[in-house]
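Number of protein chains: 2
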Amino acid sequence: MKEKEFIQDIKNILNSKYIGDDCAFLKDLGIVITQDSLVEDIHFSRQFATPYQLGYKSVMVNISDVCASGAKPEYLTISLSLPENITGEFVNEFYKGAKTAAQEVEIVGGDITGADKIYISVTAVGRTKGRNISSRANAKIGQKIIVSGMHGSSGAGLKELLSGKKEGKFITAHLMPEAQKDFSRMIAENIRENYAMMDTSDGLMDALSTIAKESKVCLSVDFDKIPHDKDLEKFADWHDLLFFGGEDYQLVATVPEENTQGTVIGEVKQGAGVEVCYKDKKVLYMPEDVERKLFNHFKEEK
Amino acid sequence: MKEKEFIQDIKNILNSKYIGDDCAFLKDLGIVITQDSLVEDIHFSRQFATPYQLGYKSVMVNISDVCASGAKPEYLTISLSLPENITGEFVNEFYKGAKTAAQEVEIVGGDITGADKIYISVTAVGRTKGRNISSRANAKIGQKIIVSGMHGSSGAGLKELLSGKKEGKFITAHLMPEAQKDFSRMIAENIRENYAMMDTSDGLMDALSTIAKESKVCLSVDFDKIPHDKDLEKFADWHDLLFFGGEDYQLVATVPEENTQGTVIGEVKQGAGVEVCYKDKKVLYMPEDVERKLFNHFKEEK
Chain A
0 MKEKEFIQDI KNILNSKYIG DDCAFLKDLG IVITQDSLVE DIHFSRQFAT PYQLGYKSVM
60 VNISDVCASG AKPEYLTISL SLPENITGEF VNEFYKGAKT AAQEVEIVGG DITGADKIYI
120 SVTAVGRTKG RNISSRANAK IGQKIIVSGM HGSSGAGLKE LLSGKKEGKF ITAHLMPEAQ
180 KDFSRMIAEN IRENYAMMDT SDGLMDALST IAKESKVCLS VDFDKIPHDK DLEKFADWHD
240 LLFFGGEDYQ LVATVPEENT QGTVIGEVKQ GAGVEVCYKD KKVLYMPEDV ERKLFNHFKE
300 EK
Chain B
0 MKEKEFIQDI KNILNSKYIG DDCAFLKDLG IVITQDSLVE DIHFSRQFAT PYQLGYKSVM
60 VNISDVCASG AKPEYLTISL SLPENITGEF VNEFYKGAKT AAQEVEIVGG DITGADKIYI
120 SVTAVGRTKG RNISSRANAK IGQKIIVSGM HGSSGAGLKE LLSGKKEGKF ITAHLMPEAQ
180 KDFSRMIAEN IRENYAMMDT SDGLMDALST IAKESKVCLS VDFDKIPHDK DLEKFADWHD
240 LLFFGGEDYQ LVATVPEENT QGTVIGEVKQ GAGVEVCYKD KKVLYMPEDV ERKLFNHFKE
300 EK
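From first to last, the protein sequence lines are chains A and B. Oh and the first sequence: position 290 is 289 in numbering that gives the first Met the number 0, straight run, nothing missing. Oh and the second sequence: position 8 is 7 in numbering that gives the first Met the number 0, straight run, nothing missing.
Treat the hints as calculated values from the structure; they're not laboratory data. Any given hint could turn out to be false.
Pairs involving identical chains hold if they fit within one copy or between any two copies, as the list cannot separate such chains.
Heads up, simulated EDC-like pairs for lysine to aspartate or glutamate below, C-alpha to C-alpha not over 20 Å straight-line [said to hold, decoys possible]: (1) K95 with D8; (2) K10 with E105; (3) K165 with E192; (4) K10 with D236.
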């Protein structure tokens, strides 16, 4: 979590209005842009992911960031740094996976260099024409909270991989996530008022908490309404997987009442933090609770 | 040089018309985009470069790629991966250097992650409106070959650093290169016909040879006309530094007769390769000669 400490310093030095959302919205050019890196033995292990899956996921996580902005993903560049012992076969498989994930999004450049471990950095560009672009700071009291897809599956998959399991639906969810292009397009093309949207790359709770913090509101969610695979409930810590598991790459948005997209899980209220309503109790997570919980969660896995 | 072998495979898998030039020209969005990485102990050493200089150079080499396309550099994203032992001071200095190099080009995003060595990947976006965009395949017989600035200084600086020297004009040229924005703008705004342009990141000879190869012509240059610092001649291998030293980030272009920008060093002829005319002899470098020479050059320095 040391990286988070650096970010405020960087913001101060750059003094840019663009830093904050996953994508920078460059209005004058009609695009959003985002760049994210995956580092071997930090973000992935060659032990668990095939080269094809690595290429696939590197591209998908960046397309997901563009989807979170509401823009239409259009172009990608990929920078790949590889150790000496990497074969041509690895590179071929990586790019096949990347191309599969990219689909109609075109990979237009990048570079390839030497390194001591695998470093992957992908930039994605989205077109904003005809789309209403989201911001994390846009959630408004009275808006509904909606989500795409199912939550917790990817975290369950990682848990299975770490325990030695090789395949299954949760492992597929972890290794081959899918960016929510259609959900994003439906929101961005149809909603007229300002709305917040984020992907759940760092977990559903992180997305909810970040929107609450940046929008200075409380996000109240009904636990029973959060869509998840019924088999997730077989995990003793499934509540944690649902909220803190991460890497599902689903979308969370706050939208006006008349929206019909996605699953409604709660509403935006006056206040701060994320309020989770269970049948018998309410639990309030403030940003510092979420960070501590995420930190402990990651620590356990190392 | 193993990376070069991979590139043809990648081109085949991606089957994209965009791969080839330093920047991808995305006509529909009116932008060019380029992404390049710098890896510790491959492209730089903390022993020789301060964090400020690293930030500066990472940004400048990408702005230089945009300049080579003829587009106006507008936005940057920076992805930084850092070992645990890196301090906040390092990050601050890095970003101060990056911001100094960027000048009016805005740094709008990126990410920061952990790693075992320093890994820097920068994406630059340029605007193409009002500019004629270059291609390496555009050189035409009869065009003049022009260059910006002086050549060989950066290579001489690297040589001095490796021999233990700490400062001087050549070392400054190596650590703090300047992208040729004005030269690029004058060419791209004023030349109506197609032209080739490249920067000399991998050396003057590499740029000449690549343009010759991609355009299927011969680039004939007059050795005595190549601008260089007179003190470069104090190095025993100064001819090699001039042609193969790399990292001067000057621009080479092939332009019509009426152009008045830059220093004319030769002309585009029928044939192949790069012909260097000395007072008493002509030497022809074919692409394979240049690659062998570059390979040996880099090997000596390791």
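Hint check:
no. : hint           : in the structure
1   : K95 with D8    : between (38 Å within a copy, 11 Å between copies)
2   : K10 with E105  : between (31 Å within a copy, 12 Å between copies)
3   : K165 with E192 : neither (45 Å within a copy, 58 Å between copies)
4   : K10 with D236  : neither (36 Å within a copy, 45 Å between copies)
The structure does not agree with the numbered hints 3, 4 stated previously, though it agrees with the rest.
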